[in-house]
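Visitor: Residue numbers (the numbering used here), protein chains in the order written: chain A, 1 to 251; chain B, 1 to 322.
Hints may contain errors.
[Claimed, not checked] DSS-like cross-link-like pairs, simulated, lysine-lysine; straight-line CA separation at most 25 Å: (1) A:K18 - B:K289; (2) A:K225 - B:K167; (3) B:K289 - A:K24; (4) A:K225 - B:K282; (5) B:K212 - B:K289; (6) A:K225 - B:K145; (7) B:K297 - B:K282.
For the record, the hints were derived by calculation from the structure and aren't laboratory data.
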Amino acid sequence: MKIAVCIKRVADSETRVKTGADGKSLDDAGVKFILNPYDEFAVEEALQRKEKAGAGEVVVVALGGAAAQETIRTALAMGADRGILLQVDAVPADGFVTAQAIANELKAGGPWDLVLFGKMAIDDYNSQVGPMVAELLDLPCVTAVSHLTIEGATVTADREIEGAIEVVQCPLPAVLTTDKGVNEPRYPALKGIMAAKKKPLDVKPVTLAAGAIEVLEMTPPPARKEGRIVGEGAAAVPELVRLLREEAKVL
Amino acid sequence: MTTILAVSEQRDGALRKVSSEVVTGARRIADALGAEVEALVLASGPASGADQLAGFGADRVVTLTAAAFKQYAPEGYAQAVAERAKAGAAVVVCAASAQGKDLAPRIAAKLGTGLAADVTDVMVDGGALMAIRPVYAGKALLKVKLTGKPAVLSLRPNVFTPVQRPKAGALSTVAVSVPAGRVTVKEIKAAEAGALDVAEAPIVISGGRGLKEPANFKILEDLAHAFGGRAAVGASRAVVDAGWRPHADQVGQTGKTVSPTLYLAVGISGAIQHLAGMRTSKVIVAINKDKDAPIFKVADYGVVGDLFEIVPALTAAVKSHA
Numbered sequence: 001m002k003i004a005v006c007i008k009r010v011a012d013s014e015t016r017v018k019t020g021a022d023g024k025s026l027d028d029a030g031v032k033f034i035l036n037p038y039d040e041f042a043v044e045e046a047l048q049r050k051e052k053a054g055a056g057e058v059v060v061v062a063l064g065g066a067a068a069q070e071t072i073r074t075a076l077a078m079g080a081d082r083g084i085l086l087q088v089d090a091v092p093a094d095g096f097v098t099a100q101a102i103a104n105e106l107k108a109g110g111p112w113d114l115v116l117f118g119k120m121a122i123d124d125y126n127s128q129v130g131p132m133v134a135e136l137l138d139l140p141c142v143t144a145v146s147h148l149t150i151e152g153a154t155v156t157a158d159r160e161i162e163g164a165i166e167v168v169q170c171p172l173p174a175v176l177t178t179d180k181g182v183n184e185p186r187y188p189a190l191k192g193i194m195a196a197k198k199k200p201l202d203v204k205p206v207t208l209a210a211g212a213i214e215v216l217e218m219t220p221p222p223a224r225k226e227g228r229i230v231g232e233g234a235a236a237v238p239e240l241v242r243l244l245r246e247e248a249k250v251l
Numbered sequence: 001m002t003t004i005l006a007v008s009e010q011r012d013g014a015l016r017k018v019s020s021e022v023v024t025g026a027r028r029i030a031d032a033l034g035a036e037v038e039a040l041v042l043a044s045g046p047a048s049g050a051d052q053l054a055g056f057g058a059d060r061v062v063t064l065t066a067a068a069f070k071q072y073a074p075e076g077y078a079q080a081v082a083e084r085a086k087a088g089a090a091v092v093v094c095a096a097s098a099q100g101k102d103l104a105p106r107i108a109a110k111l112g113t114g115l116a117a118d119v120t121d122v123m124v125d126g127g128a129l130m131a132i133r134p135v136y137a138g139k140a141l142l143k144v145k146l147t148g149k150p151a152v153l154s155l156r157p158n159v160f161t162p163v164q165r166p167k168a169g170a171l172s173t174v175a176v177s178v179p180a181g182r183v184t185v186k187e188i189k190a191a192e193a194g195a196l197d198v199a200e201a202p203i204v205i206s207g208g209r210g211l212k213e214p215a216n217f218k219i220l221e222d223l224a225h226a227f228g229g230r231a232a233v234g235a236s237r238a239v240v241d242a243g244w245r246p247h248a249d250q251v252g253q254t255g256k257t258v259s260p261t262l263y264l265a266v267g268i269s270g271a272i273q274h275l276a277g278m279r280t281s282k283v284i285v286a287i288n289k290d291k292d293a294p295i296f297k298v299a300d301y302g303v304v305g306d307l308f309e310i311v312p313a314l315t316a317a318v319k320s321h322a
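In isolation and in its complexed conformation, chain A is listed as follows (with noise of 0.2 Å):
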């Protein structure tokens, strides 16, 4: 199997959001970034898939800066064969933008089995550009996928919605979005780590098309009013009650 997994390097959620100078984005001085989360689901399948079939490449894709290399040095590590870094001095807005970028890249190495990518990314919440490339390579796709079974070509998906779970299928060869659920991520073994500094690498710089979202400012979100302690225990119940009712009319 020939897979491709999309993968992005994000700020971690933990990390104090400051605007940076340009009041636009963020200010990463002291930021600690990661694999996207949901990346990570992408890339153990991917490795779980190559390995059941006993034969294949995953080949790992990211956009961004140069530090990116880093994000993709770690899915070398859990067992990814090689990696492009299509590189950019920032990420775009514009998920479209992104999305066009991946699917030249993609068309130019493929044909693939399987295209693998994240739900969304933890950082711009965008949940776009996975079923963007599939557009542009006119191919099936399944988002957000939480269950996962592939018999011969076909796909079988499961897919949470409100109040259900709804099961999906499609052919291969077709591009996923993972969510958590669908697998167990492996860490980096020491030996992976090791083998993850020879394995290849290509450094791309791509040059992206305008985009249709401008990011015109970014700010702390509006503070919430200061709530207050009620009261302590049981006793307070009744209090609240009529504060829900009566202040915040919530009841």
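Here the structure of chain A is known, so what remains is to put chain B in place on it, guided by the hints.
Guide: Relative to chain A, chain B alone:
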């Protein structure tokens, strides 16, 4: 006249509540741009609730029918909406629901443009459409300008409170010709009948480690019942990872994002991953034995103490007022 498309959502032939939110958001944009709202319903036949959309501001309601639209058909839906948009829409508004998160990127890609996803506010200034999107686990808000022709956006559920804004809303039906598609929904395995999803319930009661063991979630379920079918029980990541509750109930960064009218965090300390999923709730109540728990920093009302005493007392109080 300029058209704003509002893409509604149906399951089993009935429109879902989020459809009225999408029409409400589209109406706000249309009023600012001096435009009309065309609500789209995708179904295999007449969908119940389509006639309600006029009340929220749809100038017309067009049901696009195809045999493949009995269930959600990702490829057919995307094609049908994109073709409708190409006929001259300025803006396409979808829901950032489970279905909308799957559909909206496909529509945007077919239109060759970007998507402002999971938007919590929209505004028009000097004829330019702008939107607010939470990023970095809700720790920052991006204000973005949408320059796409058309512009495509998806609205976070439960944020755009439906507003009655009656318009003519003439109903029509157009049969569309779309292929069956390669991606097909085989089955919808529904959860317990009548159970509300945490992402949609007006009241969410979430439990964490403080519940001590899985069976104790019973007291949260009792409280949910006391609210008479308006409440769902959610869970923190810790208790989902421990196998106490299903992932479908998880609120937070690796779970669901919820914006209920009332959110009760019970025995949840309030890690940033959890706050990412619930900080846009309208009113937050925290019940925790640790008065220094971070959850009290975002809570409007806090009660410190033993949840095993407080929750049953609250259940009794809610019942007696019902």
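Visitor: Now look at each hint and say whether the structure bears it out.
Guide: Each hint tested on the structure:
1. A:K18 - B:K289: violated (32 Å)
2. A:K225 - B:K167: violated (36 Å)
3. B:K289 - A:K24: Answer violated: K289 (chain B) to K24 (chain A) is near 39 Å, above 25 Å.
4. A:K225 - B:K282: holds (11 Å)
5. B:K212 - B:K289: Holds - the C-alpha atoms of K289 (chain B) and K212 (chain B) are around 13 Å apart, at most 25 Å.
6. A:K225 - B:K145: Cα-Cα ~28 Å, so violated.
7. B:K297 - B:K282: holds (15 Å)
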